[in-house]
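J.: Following the hints, complete the assembly by docking chain B onto the known chain A.
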Amino acid sequence: MNYGNSCNIVTAMIAKPPPPKSPLTAEEFGKFLHWLSPDDERAATMYLEIRKEMVKKFIRKGCTNSEDLTDETLDRVARNVSREPDRYPNPMAYCHGVARIVWLEDIRKPPQEELDPEKISVPQQEDWDFKECEEECMQECVDNLPERERHLITQYFSFQGREKIVVRKRLAEGHGGLGNLRIKACRIRIRLNVGLDGCIEECINRRQSTETR
Amino acid sequence: MAEKQPDETAIREYLLGNIDPKSELAENLDERMLMDRDFSALADHIEEEIIQDYLEGDLGPSDRAAMERHFLRPPERQKKLRRAYLLNRHLAARGAEQEQFKRGPVPPWRSRLALLTSYAGWAAALLLMIPASYLVNSQRALQSEVAQKTRDLEREREHTASAESKLHIALAGLPQPVANLNFYGQGVVRGNRSPSTQQIVTGPRTLHVELLLGGVTQPRCQTQMQSTAEKMAWFSQTQASPSGRYFVLIFDVPVDGIAPGNYEFKVSRCTSLEQHFSFQVSSP
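As they're listed, the protein sequences go chains A and B.
Residue numbering for the first sequence follows the working numbering, beginning at 1 and increasing consecutively.
Residue numbering for the second sequence follows the working numbering, beginning at 1 and increasing consecutively.
Isolated chain A, as found in the complex (with noise of 0.2 Å):
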C-alpha cells in the first residue's frame, strides 16, 4: 500500500521508512473485536463506528487517502491489543493516538511524482451510472420529507440574488430568526445526504443485479 505525502503539510523531519509490515491474522483480529466487546454483534457494531470515525477524523485533517490511513491504524491497534489486550482500556483514544502517529509518519512521505500517462487506466461506466440513480434518489428523499420541511428545504435554495435575501427573510419570520433558519436548513440537508447515500447504494446494487440477470 502506498499511503504517499497526502495530508496538508510537509515536515522537516527525516523520514523514517515503517516497520515492515505483515497481514493482520483472523485470529488477531478475532482477539480484537473480542476486546472492543465479548458481544459479537456489539463488537461489530463498534468496530465500523471506530471505522467511520476514524475516516472522518482523517478527513477533517485533509488528507487524500483517509480509507488507507484509517486501515493501517486499526490493524496496528487490532496487532497490539491481541498482544496485550488489558493494557489499553478506551478504544477510541487508543485508536486517537495511534491514529496520530500513522498520520505524523504520512506527512513525512515525500511528495508525489507526476503520473506516466501510460500505466492510467481509466474507467468511467460507474460514474454515469451513480449520475442517474443520484438524481432519482434526491427526487425520492426530498418527497420523503414531512411537508414542513420539504418546503423549507424547497425554498430556501430555490431563488438567486435579492430574491434569495427576500424570500429567506420571510422564512426567516416564521423559524426564529435567520440564524435558526440556517441551522435548520443545514441540518435537513445533513440528514438528506445519510438518505441519499442508503438510496443510492442500494439503487446500484439493484442496477447491478438486473444487469446480471
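By construction, these hints were calculated from the structure, which means they are not laboratory data.
Each residue gets a CB set at the ideal place from its N, CA and C atoms; glycine is no exception.
The reader is advised that the hints may include incorrect statements.
[Said to hold, decoys possible] Covered stretches of chain B, as calculated for chain A (at least 3 residues, CB under 8 Å):
id: 1; region: 8–19
id: 2; region: 36–47
id: 3; region: 80–89
[Said to hold, decoys possible] Short, incomplete list of chain B residues facing chain A, as computed with Cβ under 10 Å:
id: 4; residue: E27
id: 5; residue: D30
id: 6; residue: E31
id: 7; residue: Q52
id: 8; residue: E56
id: 9; residue: H70
id: 10; residue: R73
id: 11; residue: R77
id: 12; residue: A92
id: 13; residue: A93
id: 14; residue: R94
id: 15; residue: R151
T.: Structure of chain B alone, referenced to chain A:
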C-alpha cells in the same frame, strides 16, 4: 449558544486548514471530535455550512482559497461538494416548478364556488329589480352566448394543437445543439489564439469540452466552470485519459440558462498547478 461560538470558530478554522495541524489546539480539537459525539456533530454541521457558503459565493477570498487549497483535498469532500451542488440544483428546479404551479389556473372547485356566489348575487338582484320574463330572456341569451363561446374555444384548441404539432415536427428536424470547445493549453483554443466565443440561443444546449493537460499527478480531476466573478456555474469530477505524452479531459456541460459573460474552466487536484481555460458566452 453563545458558549459554542468560540468552538464553532475554532472548528471552522481547523477544517479550512487555518490552524497548524501539529499545534496543541489542533490536537485538542481532533481528540474532541473523535471522543465527543456532540462536538463531532457540530463539526459535521460546520462542514456542511462551509460547503454551502462556497457554493453560494459567500466565502471571503482567503477562506475560498483555504477551501480550495486544503478543505477540498480529500476526494470524499470533493464528492460532497459535487453532491451539494447537484442537490441545490434539484431543489431549485423543484422550487421553480412549485412557483409555476402556484401561478397556474385557479383550481376548478374555487372557480365553481366563485361562479355560484356570483350567480346567487345576480339572481337576488334580478328578483328584486327585473320582471320574471326579462330574466328568462336574459338566461336564453346567456346560454346561447355560452354555446357560441364554447364552439369558438374548441376551434381555438384545434388550431393550437395543429400549430404545436407543426412546431414539434420543425424542432425535430433541427440538429442537436451541441457546441464544441477544444483547448490545447491554458486559455488557448485550437486553431485560434484568443478565447473562443460561444453563442447561446434559446432551447437546450450542451458544451462538449476537450482539454489537453500537462503535469498530471493523478487521473481524477476536479473541474469547475465559473464566471469572472467566481460564481460557480457547473462543477464535476472528471477522469483524465492518457493521450500520448499528455492527458485529455473530455466532458459535457449543460449550458441552458447560463447568462452571457466571461467564464473559465478551472481544473485542479489532478495537476501539480491549478489550470484555467477561459472562454466567452454571448447572446446571438
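J.: Each of the hints needs a verdict: does it hold here or not?
T.: Hints versus structure:
As drawn, the region 8–19 of chain B meets chain A at 3 residues by the rule of a beta-carbon pair under 8 Å; at three or more, the given contact holds. Counting residues of the region 36–47 of chain B whose beta carbon lies closer than 8 Å to any beta carbon of chain A gives 5, which reaches the threshold of three, so the coverage claim holds. Restraint check on the region 80–89 of chain B versus chain A: 6 residues with Cβ-Cβ distances below 8 Å, three needed, restraint holds. Annotation: B:E27 was flagged as interfacial toward chain A, and the flag holds, the nearest CB pair being 8 Å apart, inside 10 Å.
Taken as an interface hint, B:D30 checks out: its beta carbon lies about 7 Å from the nearest beta carbon of chain A, inside 10 Å. Interface hint at B:E31: satisfied, since its Cβ lies 6 Å from the closest Cβ of chain A, which is below the 10 Å cut-off. Look at B:Q52: its Cβ gets to within about 7 Å of chain A, closer than 10 Å, so that hint holds up. Taken as an interface hint, B:E56 checks out: its beta carbon lies about 8 Å from the nearest beta carbon of chain A, inside 10 Å.
Interface restraint check for B:H70: the shortest CB-CB distance to chain A comes to about 5 Å, inside 10 Å, so the restraint holds. Because the smallest distance between the Cβ of B:R73 and any Cβ of chain A comes to about 5 Å, under 10 Å, the interface hint for this residue holds. At about 6 Å, the closest approach between the beta carbon of B:R77 and any beta carbon in chain A falls short of 10 Å, and the interface hint on this residue holds. The closest approach between the C-beta of B:A92 and any C-beta of chain A is roughly 5 Å, which is under the 10 Å cut-off, so the hint is satisfied.
A cut of 10 Å between beta carbons decides the hint on B:A93: the least distance to chain A is about 9 Å, and the hint holds. Given hint, B:R94 at the interface with chain A, holds; its Cβ is 5 Å from that chain's nearest Cβ, closer than 10 Å. Taking 10 Å as the C-beta contact cut-off toward chain A, the hint placing B:R151 at the interface is violated, the least distance being around 42 Å.
The structure fails hint 15 only (numbered hints given earlier).
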